[in-house]
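K.L.:
Starting from the known structure of chain A, fit chain B onto it as the hints suggest.
For the record, the sequence lines run as chains A and B.
Quick note: numbering that gives the first Met the number 0 has the first sequence finishing at residue 372, numbered continuously throughout.
Quick note: numbering that gives the first Met the number 0 has the second sequence finishing at residue 360, numbered continuously throughout.
Source of the hints: derived by calculation from the structure; they are not laboratory data.
Idealized CB from N, CA, C, for every residue including glycine.
Check before you lean on any hint, since a few could be wrong.
Below, in silico cross-link-like pairs of lysine to any residue (SDA-like), each with a Cα-Cα straight-line distance of 25 Å or less [claimed, not checked]:
| id | chain 1 | residue 1 | chain 2 | residue 2 |
| --- | --- | --- | --- | --- |
| 1 | A | 192 | A | 368 |
| 2 | A | 83 | B | 39 |
| 3 | A | 82 | B | 39 |
| 4 | A | 161 | A | 217 |
| 5 | B | 53 | A | 50 |
| 6 | A | 82 | B | 68 |
| 7 | A | 340 | A | 288 |
| 8 | A | 37 | B | 73 |
| 9 | A | 122 | B | 39 |
| 10 | A | 38 | B | 71 |
| 11 | A | 37 | B | 39 |
| 12 | B | 81 | A | 59 |
| 13 | B | 73 | A | 89 |
| 14 | B | 53 | A | 76 |
| 15 | A | 306 | A | 175 |
| 16 | B | 177 | B | 144 |
| 17 | A | 10 | B | 334 |
| 18 | B | 23 | B | 71 |
| 19 | A | 99 | B | 301 |
| 20 | B | 23 | A | 84 |
| 21 | A | 164 | A | 214 |
| 22 | A | 47 | B | 62 |
| 23 | A | 81 | B | 312 |
| 24 | B | 53 | A | 88 |
| 25 | A | 47 | B | 35 |
| 26 | A | 47 | B | 37 |
| 27 | B | 23 | A | 93 |
| 28 | A | 10 | B | 12 |
| 29 | B | 73 | A | 74 |
| 30 | A | 47 | B | 22 |
| 31 | B | 23 | A | 107 |
| 32 | A | 99 | B | 305 |
| 33 | B | 53 | A | 85 |
| 34 | B | 53 | A | 74 |
| 35 | A | 122 | B | 37 |
| 36 | B | 77 | B | 56 |
Pulled a few chain A residues facing chain B out of the computed Cβ check, cut under 8 Å [said to hold, decoys possible]:
| id | residue |
| --- | --- |
| 37 | 4 |
| 38 | 7 |
| 39 | 48 |
| 40 | 49 |
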Amino acid sequence: MYYLDGQTSIKHEISLSQSDEDIIIEFRDNSFKNIVWKKAETSFDESKNSGTTILKYGDFPSQYIYLSHEEPILDDLRASLKKKPFAEFLTDYAINGKGKTLILSLLLFVFITAAGYFVVLPKLAEGFVMQLPISWEEELGERIYDGMTKEEFLTDTLVSLKLDKEGSRLLQDFVDGIDKDGTEYNIRVTLVKDDLVNAFALPGGRIVVFSGIIDLMNSEEELAALLSHEISHVTERHSLRNLAKSFAGYFFISILTGDANGTLAFILQNVDTMNNLKNSREFEEDADNVGLELLDHNGITAEGMVKLMTSLAEYEENLIGDNELIKFLSTHPLSKDRVEKAQTFLKNQTGIKEHKVRTQKWRRLKSHINLND
Amino acid sequence: METTFTEELVSKENHFFNFSGNGKDLFIIRLVNLMLSIVTLGLYYPWAKAKTLKYLYSETHLDEEPFTFHGTGKEMFKGFVKIMAIILFLYFLPTVVRLSGASMSLVLLATLITFAGFMVLIPFAIHGTVRYRMSRSSYRGIHFGYRGSLKELSRIYYWNLFLSVITLGIYVPWMTVKLRGYVMSNIRYGSKEFNYYPDGGELFLINLKYGVLSFIAVMLMGFILGGSLGTSSGIEDDFLYKIAVFYFFFLITILFVQGFYQKDVFNFHFNRTSISDESEHRFFGMMENSEVFSFLIKNVPLLFFTAGIAWPWVQTNLLRMVFYNLQIEGTLNLDNVEQTEASFTDASGEDLGDFLDLDIL
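This is chain A alone, in the form it adopts within the complex:
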């Protein structure tokens, strides 16, 4: 075993002895006086692979003793030296375990990763986000809405949405006639003049509907179904929750691949994206279900939902066919599945009422859109 004084790289052969509190270093060639180290301030590191133990003492530049990890003096010395921080202790303990440890560790690793990624972190993120006040959501929604519609915020890449003021007023009128079951959200709808068959909800209560999707509709129940679906996105706070889940996923992947290979990180990020799409689809299903409940609450027949989904399914098939890949990559479950769900709901529905005022509003809106096409 040898000693390094931290001032030069010369190795001095030594022998060690100990007292209750100290380690005593004697130089073999008697070139220097004995050196005493306090046990409590001596730290140690061991490498099983190279068979060396290193004792370290003092601040920069520290002194060192290098010895074989089999030296008998180490057996009782280890217990009285400076304690390692828990994390390091845990790691060293795990490393020195046997072969079974490896298998167990592997299983543990896979389990923890899966649990963390699919369950723990997303739930945590969602839970956190649900605590945020509605006013924050409304603020966020307004920002996004402004970004889409106000001239001064638009960049070259985004195209301005052509807002239909009169149409929006009529649509808002229609929406106000739907009982929203006591929600705190202020639902405001905007109609955009565009052939696009789409509608979306922003956090906080704003809903944007494209005239293209209304063109596909033939009855007020269909519009009610669409709006119920979008309103559900708002009241269930899907945008925020989706954001939280995506972020949690990304964050987790970052921790996992912290200092590892870039290719691995890239592959995992792609897997993460796939997972995000799956989450989006779950939220869509949720909106369908809550939407149907809302329709029922208003005494509106789910027939509208069935018709709307059927029209959308036809429209989709004309566009993309029945491709498995598209289904996989889609943010919405395919309309065919949604139609079946709505039909099942329809069969069990009771308490459907007529509502003349709502029918009038629908007719006014539909004719406005037809006129302006």
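P.N.:
Below, chain B without anything else, positioned relative to chain A:
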């Protein structure tokens, strides 16, 4: 300066490196790191990094004596906090200015500040990382040190960056060797100095050679695959399947070419490095094609079939191969090194380098 070593110099008295770590240890370290990181929502990361580096260093030997890493999670955490504060500030400055309703010109100014700020960060990251790492590394009780100046490094960095931009990237190999040269020549091991002899032209040729090789390899692969994938495979979602197969073989081809490229770069850099006291002692970088090939053949499939879980084993295999092929001229005396370097514990540069994903050491 000779660019390759001759047989006479590679004697038995040379100084040898070796790496004794193994995949199982590294895997367990990573596993514990992961668990603690999850539990602390990522805050454990600096300690995780410290533990990993400590292990890797202590398993690296020169003349059968280990290196030591003295960095602590605490130091790196402090640096981490500092850096996060600066980065968050720079990142959100334009947004905050805009949301507060300021004029477009003020927003533009804020954006420019952010941009300039991020630009300055890179030389700072390099400087800080090298300085911290060197100071926290020791061999036989003597610490390394870095004597370079941030100002000089920045000057070199920006001037060379400018040249690289106006030459549309052709100048990059020259920039690489100039930066490496500056950093290397300012690293000290106690009383000994390092030197590096830049040769941008040769690095450029290496880059060119492998660029062309990658191109040919991919073309060849595509041609061969195209033949076998030409007809319908009878698998549902035929198109998807073909894309997956092509992507897979593409990745493998690139990985293989990369392996040989890195070998040439490794040899190139180390054959131009030396350490001096009263006289100069060369490093030798000796990786051979056959070694790289057997490494790739064994490790790439391993990585693929374990979906990346075997990465710690691959990493230790890689380190073992690398250090096996690194030597220092036998005339170097390692018994007479004196501690001349000061302690430097500010890890913010190191954390910044980590954040910006700079692959310096």
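K.L.:
Each hint: holds or not?
P.N.:
Okay, the hints, checked on the actual structure:
| no. | hint | in the structure |
| --- | --- | --- |
| 1 | A:192 <-> A:368 | 8 Å, holds |
| 2 | A:83 <-> B:39 | 19 Å, holds |
| 3 | A:82 <-> B:39 | 22 Å, holds |
| 4 | A:161 <-> A:217 | 23 Å, holds |
| 5 | B:53 <-> A:50 | 16 Å, holds |
| 6 | A:82 <-> B:68 | 18 Å, holds |
| 7 | A:340 <-> A:288 | 9 Å, holds |
| 8 | A:37 <-> B:73 | 24 Å, holds |
| 9 | A:122 <-> B:39 | 16 Å, holds |
| 10 | A:38 <-> B:71 | 21 Å, holds |
| 11 | A:37 <-> B:39 | 34 Å, violated |
| 12 | B:81 <-> A:59 | 24 Å, holds |
| 13 | B:73 <-> A:89 | 18 Å, holds |
| 14 | B:53 <-> A:76 | 22 Å, holds |
| 15 | A:306 <-> A:175 | 23 Å, holds |
| 16 | B:177 <-> B:144 | 20 Å, holds |
| 17 | A:10 <-> B:334 | 8 Å, holds |
| 18 | B:23 <-> B:71 | 23 Å, holds |
| 19 | A:99 <-> B:301 | 21 Å, holds |
| 20 | B:23 <-> A:84 | 22 Å, holds |
| 21 | A:164 <-> A:214 | 18 Å, holds |
| 22 | A:47 <-> B:62 | 18 Å, holds |
| 23 | A:81 <-> B:312 | 32 Å, violated |
| 24 | B:53 <-> A:88 | 14 Å, holds |
| 25 | A:47 <-> B:35 | 24 Å, holds |
| 26 | A:47 <-> B:37 | 28 Å, violated |
| 27 | B:23 <-> A:93 | 10 Å, holds |
| 28 | A:10 <-> B:12 | 19 Å, holds |
| 29 | B:73 <-> A:74 | 30 Å, violated |
| 30 | A:47 <-> B:22 | 13 Å, holds |
| 31 | B:23 <-> A:107 | 14 Å, holds |
| 32 | A:99 <-> B:305 | 19 Å, holds |
| 33 | B:53 <-> A:85 | 16 Å, holds |
| 34 | B:53 <-> A:74 | 23 Å, holds |
| 35 | A:122 <-> B:37 | 14 Å, holds |
| 36 | B:77 <-> B:56 | 22 Å, holds |
| 37 | 4 | 7 Å, holds |
| 38 | 7 | 5 Å, holds |
| 39 | 48 | 4 Å, holds |
| 40 | 49 | 5 Å, holds |
Of the numbered hints given earlier, the model fails hints 11, 23, 26, 29; all others are met.
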